[in-house]
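From first to last, the protein sequence lines stand for chains V, E, B, W, F, P, G, H, L and A.
Its first residue numbered 10, the first sequence is counted upward by one per residue in our numbering.
Its first residue numbered 10, the second sequence is counted upward by one per residue in our numbering.
Its first residue numbered 10, the third sequence is counted upward by one per residue in our numbering.
Its first residue numbered 10, the fourth sequence is counted upward by one per residue in our numbering.
Its first residue numbered 10, the fifth sequence is counted upward by one per residue in our numbering.
Its first residue numbered 10, the sixth sequence is counted upward by one per residue in our numbering.
Its first residue numbered 10, the seventh sequence is counted upward by one per residue in our numbering.
Its first residue numbered 10, the eighth sequence is counted upward by one per residue in our numbering.
Its first residue numbered 10, the ninth sequence is counted upward by one per residue in our numbering.
Its first residue numbered 10, the tenth sequence is counted upward by one per residue in our numbering.
Keep in mind the hints are simulated off the structure, nothing from the lab.
For each residue, glycine too, the CB sits at the ideal point set by N, CA and C.
Rough simulated footprint, nothing fancy, chain G against chain H, three-plus residues with beta-carbon under 8 Å:
no. : region
1   : 36-43
2   : 46-57
3   : 60-71
4   : 88-99
10 protein chains.
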Amino acid sequence: MEFLVNITLRWSDDMDPELKERIIVDERAHAAELAQKGHLVRMWRVPGRFENWGVWRARDATELHEILSGMPAFPWMVRVDVHPLARHAVDPAPYPA
Amino acid sequence: MEFLVNITLRWSDDMDPELKERIIVDERAHAAELAQKGHLVRMWRVPGRFENWGVWRARDATELHEILSGMPAFPWMVRVDVHPLARHAVDPAPYPA
Amino acid sequence: MEFLVNITLRWSDDMDPELKERIIVDERAHAAELAQKGHLVRMWRVPGRFENWGVWRARDATELHEILSGMPAFPWMVRVDVHPLARHAVDPAPYPA
Amino acid sequence: MEFLVNITLRWSDDMDPELKERIIVDERAHAAELAQKGHLVRMWRVPGRFENWGVWRARDATELHEILSGMPAFPWMVRVDVHPLARHAVDPAPYPA
Amino acid sequence: MEFLVNITLRWSDDMDPELKERIIVDERAHAAELAQKGHLVRMWRVPGRFENWGVWRARDATELHEILSGMPAFPWMVRVDVHPLARHAVDPAPYPA
Amino acid sequence: MEFLVNITLRWSDDMDPELKERIIVDERAHAAELAQKGHLVRMWRVPGRFENWGVWRARDATELHEILSGMPAFPWMVRVDVHPLARHAVDPAPYPA
Amino acid sequence: MEFLVNITLRWSDDMDPELKERIIVDERAHAAELAQKGHLVRMWRVPGRFENWGVWRARDATELHEILSGMPAFPWMVRVDVHPLARHAVDPAPYPA
Amino acid sequence: MEFLVNITLRWSDDMDPELKERIIVDERAHAAELAQKGHLVRMWRVPGRFENWGVWRARDATELHEILSGMPAFPWMVRVDVHPLARHAVDPAPYPA
Amino acid sequence: MEFLVNITLRWSDDMDPELKERIIVDERAHAAELAQKGHLVRMWRVPGRFENWGVWRARDATELHEILSGMPAFPWMVRVDVHPLARHAVDPAPYPA
Amino acid sequence: MEFLVNITLRWSDDMDPELKERIIVDERAHAAELAQKGHLVRMWRVPGRFENWGVWRARDATELHEILSGMPAFPWMVRVDVHPLARHAVDPAPYPA
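One chain only, chain V, in its complex shape:
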């Protein structure tokens, strides 16, 4: 099942720059892994914001929660909106969605 997820991040005030750098590096590696496993399908940045829209694939909401809460940047995700998606007859997905 696919989910459309809108995530807003915000670093803590006075966050240690090294920690921030490490989180960013870890996050990228983690995302690449999730993409390879087929969980992260697409991701875009919202222009002008520290926010993204992503298409995610998981067995159900429980697995999606495990995936999102397992990300290195999860503690800084100040707002997460999950939209459950149903198959649409005209969807040109290049894989069995």
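Guided by the hints, dock chains E, B, W, F, P, G, H, L and A onto chain V, whose structure is given.
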């Protein structure tokens, strides 16, 4: 450039059932054509609603407007929200986005 | 997977009273069937409104959409909000959720 | 009487990790007790958030307030929305609601 | 248990003036009866609107729904918001609330 | 004139427990006094929140502001919504409102 | 006591042009009378809309409701928001407010 | 041109009481000056809040911004909403607006 | 003075196609005239909607209202939001704004 | 392609005045450069707020994000809303938009 578009439809009250049927058939054919041209990238139904989320590709907002307003069901799209999307470093797009 | 669904209904203006009566009877029978199949888990009325909150079970959002759109009163559901639910460690569900 | 309750939590900034751990352990034990007494009927996690939806049973809003304000994590519940629920004719509750 | 209820009314377009007059008369008589039974505790008009705020008393949300849906003007109540109320330590109620 | 007032409170972070205790005690005594003077007519707690709904009586908005801003807990009232109330023909007030 | 009132109007669909003209004429005459009696203190048009902001004076919300509901255009006031106003120490009112 | 302006203030946490006192005194003197110059036409307090509604006069939005940002309390104005006002035919302004 | 204006249009149901065509032609001619007079500075279409964003120039809100309400399509402007604009130090306007 | 962008800024609490001064100077120089390159088309201040509306030009949302996130004041932009703009038939743009 890609756009995330959220479209809500509502048929007119007392709409002729034949017209409705024809619009649905035309819309599907038109969507298939847009998918083939690379304009319609993905489309999902919002569960329980006559509403969809779609990923669209167009040169700019002007071309996107032409594409959307050229759809057979356009007169019944009562709400259209367009979110411009920027490239994200971790996007696993299977094509040059 | 379970979903929390909030549904608002509104009959059409000048609706034929017989049709309305028939829809109500059919809806009740249909709901009883969905309960027996395990799709409709719980349902409550919002006091003072023609609106309900329900706990539904379906394989995914696609099946949920089929269930909801197959109900006799679906054409009069003017607003449907679907909240995907993840397992919580303290949930006292009397069955394997 | 049953209530649908939506609770959002947020730990204090710079919260002592031991205190946090203790609250989590106490909260789970407390929730199990409330479930046994029939006050906590169901509970789900909102995917991607530190937020839950719960079905609660109490004599009235006064008792519900006592139950919620008596929970170990109550000081960190930054938003609590209570929806009073009325019986619905098609509710398949496995117990007298 | 007491409830704070905010009700907005709107007559149908082209409503028969006689029917409207009859509903108003019936509503007043019905409200007086509900007040006598202790269900309607207080009622105020929102200035400039066809809307009221009321304090209602009922065993639970199920009884409140029966009371509200039994009112002559119920079909014209286009919006009803119910706020469940808990006892407050400083409430100067002139009766056992 | 009567007013419906919705007040949300929030203690300061790291507030001195003794100060908090003193404010609570003073607030209760002050509220009892306002009730005796006929300014505080009714007060309820919003279940699960540090928030109340109250019916207040004052000559006008200026006097209401003096009453509210004179309360010991006023500096911690983070949100105050005032709804002016007009007499309703069916109000069963047990006193001349 | 003064009130800040925001009124939005909308004529009925297919309204008789003569009726509309008469309402406009009556409304102006009525407003002039209310101004002379000191009830209507100021009135402005919201640019681009059939909406106004006004400063009104009345003994209380009950009298304000009588004034507003007695206006010829009242049946076409689709939204009325009333803000109760308290005296401000720096108000340069040219009369005893 | 006149503007309706809604201003919400909030003192900084742990603000020096002397600074606060000085700002209040300066603000009053400054407001009196603006009233004399014809820029501040009316001002009211929102009951129960540290917020005001004011009628202001300025050549255009640029001058209004200079006036507002020149006030001693400007750094504590956490929300400012400006509504541009057009002349209304029935406005009983006691001066050429 | 410049204003940012957001206008949403909606044709009447069952509107005469000839009338609609005439309004569109008149509107374009009228807009060209307003551009020439310096009142209409810029205009864009919101993609996927019958809605526009425009930069307008007028002496004040009263003149802006006259301009907007004098447009052929004014009766079909179902929502108009006017944002007053102040000069910004970095504005690269190619003319004296 | 043009974008309408609404930016709200907020300096950090206890920000070093010298840093603030330097950011303001850098921001102005940077904006002048963006104007010269044709990226910043127009900019206005929202009266009474530390907020602006701007018309920006960029190849797509990705380039717009690079432009906005490259500004000296970007870390203090607490809210950025981007509206994609399509060509309108009546736009009097003094250049090929």
